[in-house]
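A.B. asks: Single-letter residue listing:
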Amino acid sequence: MSEMRTIAGRNDATAEKSAAANNAADRAVAADAASGNAGAAAATKAQTKAGGAGNAVSGSTATAAGNGSSARDVAWSGTDDRRDQPLIFELSQPGRIAYSLPECDVPEEDITALVPEKYLRKKPAELPEVYEVDVIRHYTALSRRNFGVDNGFYPLGSCTMKYNPKINEDAARLPGFAKIHPYQSEESLQGALELLYRLQEDLKAITGMDAVTLQPAAGAHGEWTGLMMIRAYHESRGERRTKVIVPDSAHGTNPASATVAGFETVTIPSNADGLVDLDALRAAVGPDTAALMLTNPNTLGLFETEIAEIARIVHEAGGLLYYDGANANAILGIARPGDMGFDVVHLNLHKTMSTPHGGGGPGAGPVGVKERLIPYLPKPIVARREDGTYYLDRNEDRSIGRVKAYYGNFGILVRAYAYIRSLGPEGLRQVSENAVLNANYLLRRLAPYYDVPFDRHCKHEFVLSGRRQKKRGVRTLDIAKRLLDFGFHPPTVYFPLIVEECLMIEPTETESKETLDRFAEAMIRIAREAEEQPELVVNAPYTTAVRRLDETLAARKPVLNCSCG
Amino acid sequence: MIKHRYLPLTEQDRAEMLRTIGVASVDELFADIPENLRFRGELNVSPAMSEPALLRHMRALAGKNADFDRYACFLGAGIYDHHVPVVVNHVISRSEFYTAYTPYQPEISQGELQAIFEFQSFICELTGMAVANASMYDGATALAEAGALAAGATKRGRIVVSRGVHPEARAIVRTMAVGRGIEVVEAGLADGVTSLKELATLITPDTAAVLVQSPNFLGCIEDIAAMEPLIHGAGGLLVVSCNPLALGLLEAPGRLGADIVVGDAQPFGIAASLGGPTCGYFAVAEPWMRRMPGRIVGQTVDRDGKRGFVLTLQAREQHIRREKATSNICSNQALLALCASVYLSIMGKEGIREVARLNVQKAHYAAKRLARIPGVTLTNAAPFFNEFVVKLPGEPDISEINRRLLGYGVIGGYDLGADYPEMKGHLLVAVTEQRTREEIDHFAERLEELL
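One line per chain: the protein sequences are A and B, in this order. First residue of the first sequence: 1, per the working numbering; consecutive thereafter. First residue of the second sequence: 1, per the working numbering; consecutive thereafter.
For reference, chain A alone in the conformation it holds in the complex (with noise of 0.2 Å):
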């Protein structure tokens, strides 16, 4: 606690430092606007002006932390771009190339000799015509104007931005992964199917599931995946099971899917502790229930700790219980959701198992199931034979079909494979942990300021209210826009949705102590400026590449690609 007082004293005086650096950036980026041409300038001073808001900031909370690593932090946006980067196809002048392709070394005929004129353009596809210094300085100044977990810290509740590895990376590019077809004979694909038949069997082991399926291509596509075979199984036992119970903290995805599963959604509340509220369950379940969906710990960052009850609840009434992995990172060799009860999980291997996010995408939504789901499952599935050949099993008998084009995401699944083997069990095990402690510390620190709706131990996630602030007319988004300041990915906002202005906080296990409490001043600052100069927080941000955007506007009048031809 003595800590945190001589950081609260010295807070103080960074405050208003940094609220002087960011009245002079605003200034700076209202006069860039201005002032047409002359805005270069101007921009250029309000980067200045905004990396010595950043700097100031970030070196007093490293201070305050006792350690001197200040540059780790610094405002990403005080050294970036800010002037508009024009579309690629602005670049275009008529007569350039960027491509380089080989000789036609067959001879050639004429095109209309093979391909008849009714099939062909009437008008050539208008790309642009840059030359490749152009792609690269474009894509370049694009990538400046973006914001990664290699940027900074990545607290995005529920969506588990943990560190990406490099040597992922570098595996997935390897010539024999990267450089084969799906169709190739088995015999000539034995190194990629040993890689998929052990992340299969790693699933299964940490899930605690009978087997598993690589297809789903993401955490959404797994959920419908799922839902599926429980429509299947319940079908071959002659039930029409009509409706997906979803807990009012189910991510939007779990209603959504039971839709296109052919389901209807049922939602029931939460208890006032956050949890399934089982009476509201016991009066759902019923001879239509197909199955409950939920996410354990849930989206409060919660463990359900009635799920061996909530799992009888279910079963009794006939029902099968789907487990959503987007939590999963909490759960890491301490509790195995096939032993909680479940009967269907995804996991969502760009968030548990640090495949990166992309940008949107790719993911992959691995899905694991007991016993008497097996046969639904898509195929093909790998398989292992007696002599230690891998094939693909594409018996389908019983199967719901297909779900996504040849083996699921394979460049995704190699990396997720490799970050497995670069922890192992005991490694798995403290990723879980130390993602749990991270949050339980953030939690600590975090709750004098902020109202803590659910206070207990969370697990890897944990949300926040800012009921308090919106009393001073800052809302939940305004301190996520500040945030953006002090050079920090804000948290997850205004979701789950039972919990009013909601912050939701996923630190992750990669982040350090410092970093922590970094983002822990950032938000205490924040949450004083809402007291004494709310009109600060609201106008936020200041030091970003643009300011707060119309999204009405977009949305009344979409221009939704630039019509260049």
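In short, the hints are calculated from the structure, not lab data. Please note: incorrect hints may appear among the correct ones.
Said to hold, decoys possible - To spell it out: a stretch of chain B is covered by chain A in this simulated footprint if at least three of its residues, at any positions, have a beta carbon under 8 Å from a beta carbon of chain A; those stretches are:
1. 43-49
2. 55-66
3. 100-110
All C-beta atoms in this analysis are idealised placements derived from N, C-alpha and C, irrespective of residue type, glycine included.
Got chain A sorted already, so can you dock chain B onto it with the hints?
C.D. replies: Relative to chain A, chain B alone:
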């Protein structure tokens, strides 16, 4: 507690943090998990490896696969060995792109948002459609979503799928249809393309859409213009799945009356990678804009009037609409859409035509070369792009032929017999710009020996 290069907490950190939390051990943080549900053993997963050992292990596994650097690939069937400009890997290796998530915070995600906006622009330009989304899992799932969109938009319960559509995509359409309660009927082929006669009889007043692929699975270019009046006359939608690289040369489906155009952008600089991850694209005519699945990026301005980009039209999506969403899709394939955008920037107006032209020329040379083998015949009467079908003489064992071709450094064609029982002994051969005349001749000579 174990030390690991990805895990920064020291014993001292841990002690201080536990003190702040007010617990004596990390285990106390898990005390709410009932003891009988705790996993107390050691997970039975593969043991940990050091970085050098893991590199060796991964290289060894990779080394057991026959890759395109060492073998000349004549397999296509939806995944192609095209040249990937070296620039592509350099761009997608920038970790500002690949370590970010969906651009929920536009102020610090302008790079990704603009890249997606450009991707949407590229797709619209190539397909001739009004609007495209940020991408889909792959071409096959994009086709299934297109079928679902059509059923929802027309409030009709039946879709007609051409047998010229990739067999795996048709399988996914069927799985989707079970969930959505849609009836799927298949239209047969005549001379390698969708039978217009059969199509006309299958289109009924409750048909939501016709789903075709062009060039189709057999490589043949479909007569989209001829199909258009059949389905539009019945009030349904025309869904066309296209290899986008072919659109460098072939007419944009949007100009032929397609309502939805989908496909897989794998030919655009995306590694084959055993078939995934690739990148589906999804483009529609304007009336269907608000029914599209997935993310969409739009242009707007910030409060200083500066151009910027945001995720938009989100009222369609699962995180807002939950069970009433147009689709359950949450992610997209942004990094691979970026591959496609970089590829198209590199190719440009001239390069995209040139690469398409090379594919046509080399594939036609190869078709003629293979047809010179005694007993081998070209079966498609319809024009093709970079893939074609040859019938081998007698009752050939194609998997045995392919096994022996591998010994000659050749990854042979696709055995069509499994998907089309009437095409036993037929080989689907793909020839991209990557194949040299020498490789084509070598393939033909070895094949001739093996027959």
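A.B. asks: Indicate, hint by hint, whether the structure satisfies it.
C.D. replies: Here is how each hint holds up against the structure:
A count of 7 residues in the stretch 43-49 of chain B with a Cβ less than 8 Å from any Cβ of chain A is obtained; the coverage claim is therefore met, three being the minimum. Residue count for the stretch 55-66 of chain B with a Cβ under 8 Å from a Cβ of chain A: 11. That meets the three needed, and the coverage hint holds. With 11 residues having a beta carbon nearer than 8 Å to a beta carbon of chain A, the stretch 100-110 of chain B meets the requirement of three or more and the stated coverage holds.
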